[in-house]
Amino acid sequence: MLITEEQAMVRDMARAFARERLAPGAAERDRTSAFPADELKAMGELGLMGMLVPEEWGGAGTDILSYVLAIEEIAAGDGAISTIMSVHNSVGCAPILKFGTPAQKERYLRAMASGQMLGAFCLTEPQAGSDASALKTRAVRDGDHWVINGAKQFITNGQNAGVALVFAVTDPAAGKKGISAFLVPTDTPGYTVARLEHKLGQRCSDTAQIVFDNVRVPHEAMLGEPGQGYRIALANLEGGRIGIAAQSVGMAQAAFNAARDYARERTSMGVAIIEHQAVAFRLADMATRIEAARQLMLHAASLRQAGQPCLKEASMAKLFASEMAERVCSDAIQTFGGYGYVDDFPVERIYRDVRVCQIYEGTSDIQKLVISRNL
Amino acid sequence: MKVLVAVKRVVDYNVKVRVKADGMGVETANVKMSMNPFDEIAVEEAVRLKEAGKATEIVVVSVGPTQAQETLRTALAMGADRAILVQTDVETQSLGVAKALKALAEKEQPGLVILGKQAIDDDANQTGQMLAALLGWAQGTFASKVVPAEGTIAVTREIDGGLETVELKLPAVVTTDLRLNEPRYASLPNIMKAKKKPLETVDAASLGVDLTPRLKTLKVAEPPKRAGGVKVGSVQELVAKLKTEARVI
Amino acid sequence: MTTLVIAEPSVEGVKVPTLTTLGAASKLGGDVHVLVLGYSDGGQGVGAVAEATAKVAGVAKVLTADAAELAHGLAENVAPLVVGLVKSGGYSHVLAPSTTFGKNVAPRVAALLDVAQISDITGVESPDTFTRPIYAGNAIATVQSSDPVKVATVRGTAFEAVAATGGSAAVEAAAGAADAGLSKFVSQEVSKSERPELTSARVIVSGGRGMQSGDNFPLLEALADKLGAAVGASRAAVDAGFVPNDYQVGQTGKIVAPELYIAVGISGAIQHLAGMKDSKVIVAINKDEEAPIFQIADYGLVADLFKAVPELTAEV
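Residue numbers (the numbering used here), protein chains in the order written: chain A, -3 to 371; chain B, 33 to 281; chain C, 40 to 355.
It should be emphasised that the hints constitute simulated quantities derived from the structure, not laboratory data.
Predicted model only: the values in this text are computed from it and were never measured.
Ideal placement from N, C-alpha and C gives every residue a C-beta, glycine not left out.
Any given hint could be a false lead.
FRET-style restraints, in silico, Cβ to Cβ [said to hold, decoys possible]:
(1) GLN155(A) with GLN227(C): 49 to 59 Å
(2) ASP192(B) with VAL267(A): 40 to 50 Å
(3) GLY194(B) with ASN253(A): 31 to 41 Å
Straight-line Cα separation of at most 25 Å, BS3-like style, residue types lysine-lysine; simulated pairs [as the list claims (entries may be wrong)]:
(4) LYS66(C) with LYS177(B)
(5) LYS346(C) with LYS275(B)
(6) LYS139(B) with LYS229(B)
(7) LYS94(C) with LYS275(B)
(8) LYS66(C) with LYS275(B)
(9) LYS139(B) with LYS86(B)
(10) LYS275(B) with LYS316(C)
(11) LYS326(C) with LYS316(C)
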């Protein structure tokens, strides 16, 4: 797919930033799990934390293609940071932009679009993943306030966010239509980080279990209408999935680049190993798969940009790209041989970082379900 | 003070260049191109001068193919106000580029021209000095600090073994060294704004400038491969080899 | 065919870049004249340097220009003087060293003569054809000049210095220096002996696990100070806690390409080699003859580093 000069500039800026500012510290952050506060601040200043938010609310106002191109490049620099960026943009900013009142936008969106405040998306529960209708978290009206109780699982940015978008059942009798969404400042009493997960990869992005213990918020904290929560939760499903596809492509590309460069440098039997057909053909396959995934991803993004339905295409892009990425990273490790298995080179980290792309925002199985229902 | 900044589109510094099979140049097809890094420093310095209230307008110029418009857009996104492309498809060499820039400088009447000290493709390190010569202006090459004053500019230069500060009469030409500043990334809002900024294309011929190359490249080759190493028997032998054979100490 | 070499300004003896530029000039054939310029300010300076230059092998004539406006080699004042000499003397070639002085002045001279300048030549193929590195030395171009006067700067490391003695050239005063009124010298600050940054250092001395302890790194620092070098380390040395992380050269540390890289007590793990293999000259000092570092080293010394390094420091 051809991109515009402007989209290319966005991509190039994100690529240069990722290469110079993110990639050099990625291994260290993987070791220490240190939250990338400085990096995110710089990204905020560049407009990367509010890409789809219009300028009137302090965002960059880019199109969706620019957004996914940037996500891809940031992911190539540090997969974990691309997750923070993706969650913040796609399920942090986007719902407030679409459903928020002017007061809510003034209070949250402006700070979020400039990266000064991070957003978290509290939907998943210990017993409810993609099946949002099985939520157990309850919000009970108390005068002009709501009192929220429950627990949320696998919450990206849960510890570092300034505001959490929390989905809770407000009308148990109404099923999916009984769910409402609330904007909860994370310093509200009762918002508790119960646990931080120890993960296979993406370690500098915090993934938290959040417990809501009698969290009281005023009625004005409700995003959208009572009972509109499920719709809000699903509103940017496609955008989120295309974003994961972009992350997968970016990480795969980074692993591929490392493997290709190594294959050109490393010699065996008197020649660079890329001269061995087994290695060269493997690299050719890797590059082809990455490009195929990228085109699926860009196609889905362009449909979404045009306002056309893209549920199936977004799922296909996520399914294919995330599974492609695991395989490409594995092949990258293979290209490095023993050096791919140790942390002197970045490929083992990328392999770990990219694995979750087959899980979050709907597992591969869920994507197949969506696709199969749209055949 | 109007500031003119010259930028060149070159093979991205991150690309490991490969010599073409026919030995007539390096592979540039399907190779990522970017703004010459020293020119990014030049644009950044101009933007900082504007932010400090020392410069009023930044005009960014490139002499090269149509694709150099992308490079100019990047400069606009970094904060330049308008751009001029002197379009040519001939191989640009320093003297010709200096002549084109001279023609533009005479038209635009800048108080200061800033260029990168050299382009990372031909590594010539000439254009700024040549432009200053042709205009009869002072030159502050390899600048690591630039302080404009009334009618003059103090330029601290990176010279062998240290730093030298000179005071130049304005208008003047300054070429940038690495330590002058750290160029910013173009922010997304500024990338959006860049497309609305004026970018004018002029034909080299219309400036009355002859860009015909004066140097003919007969061939381009890989650098000599690292020769097989030798073992030396003593520290004295090592020092002798480093001094007389490798000539690195 | 006569070549005019612009000498590196000096107030004390003939500078090495002048001698290597003369080395390049000698490959052109024809007579070689040298312009010695500067400002003695009442002292001996320029005259003494001119006398010394006259003794350099292969120099036919020395021109001297000693004037206040030539102090500090200001290009605005030096270039017109050179251009005047080229025009009156009918020179076919003008060579200057690839020093910051030469690189500042030579293009200005060339533009005033309306000729191209050939930068940083590393070889002379014929009087109009030269080799020079492009793309940071990743390729070598052979270029031919069609201009009546060839103006070039000369990369010193590519040519042999000519002998400083053996010549007996005439010394003549060159007229024509004037203040263009464009520029003034303000001040100069000589680099402190602070060690350079790893990534920009011309010379790097790196230590590995063989250093045994961080307490032994001063051995390397002494050598580094003597060479104006930066100090680096392998990952093994960093992981062992000998030195901080920012010393690390290698895939996961800094990627460097100095002119001279001295690896001391470094075995040469691939991740280290990835960070320094583009160095121009690599020296390895290691007591293990089988260490992989010797495979890429230009000069290998199998020796106990605790003996060899102090010896090396004393010798350089």
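* **25 Å Cα cutoff - pair LYS66(C), LYS177(B)** => violated, 39 Å
* 25 Å Cα cutoff - pair LYS94(C), LYS275(B) -> holds, 23 Å
* Asked: Given the proposed pairing of LYS275(B) with LYS316(C), does the C-alpha separation stay at or below 25 Å?
  -> holds, 21 Å
* Is 49 to 59 Å right for how far apart the beta carbons of GLN155(A) and GLN227(C) are? -> Roughly 54 Å apart at Cβ, these two residues keep to the hinted range, so it holds.
* With 31 to 41 Å as the target window, see if GLY194(B) and ASN253(A) comply at their CB atoms. => Once the Cβ atoms are compared, 40 Å apart, the range 31 to 41 Å for ASN253(A) and GLY194(B) holds.
* Straight-line Cα separation of LYS346(C) and LYS275(B) no greater than 25 Å? -> Measuring from Cα to Cα gives roughly 21 Å; hence the hint holds.
* Straight-line Cα separation of LYS66(C) and LYS275(B) no greater than 25 Å? -> holds, 22 Å
* Asked: Taking only the CA atoms, is the gap from LYS139(B) to LYS229(B) under or equal to 25 Å?
  -> Holds, because 20 Å separates the two Cα atoms, which is no more than 25 Å.
* Asked: Can the restraint linking LYS326(C) and LYS316(C) be considered satisfied, given a maximum Cα separation of 25 Å?
  -> Between LYS326(C) and LYS316(C) the Cα gap is close to 21 Å, so the pair holds against 25 Å.
* Asked: Holds or violated: LYS139(B) with LYS86(B), Cα cutoff 25 Å?
  -> holds, 21 Å
* Distance restraint evaluation - ASP192(B), VAL267(A), Cβ atoms, bounds 40 to 50 Å -> holds, 41 Å
Comparing the model with each numbered hint stated earlier shows that hint 4 is the single one that does not hold.
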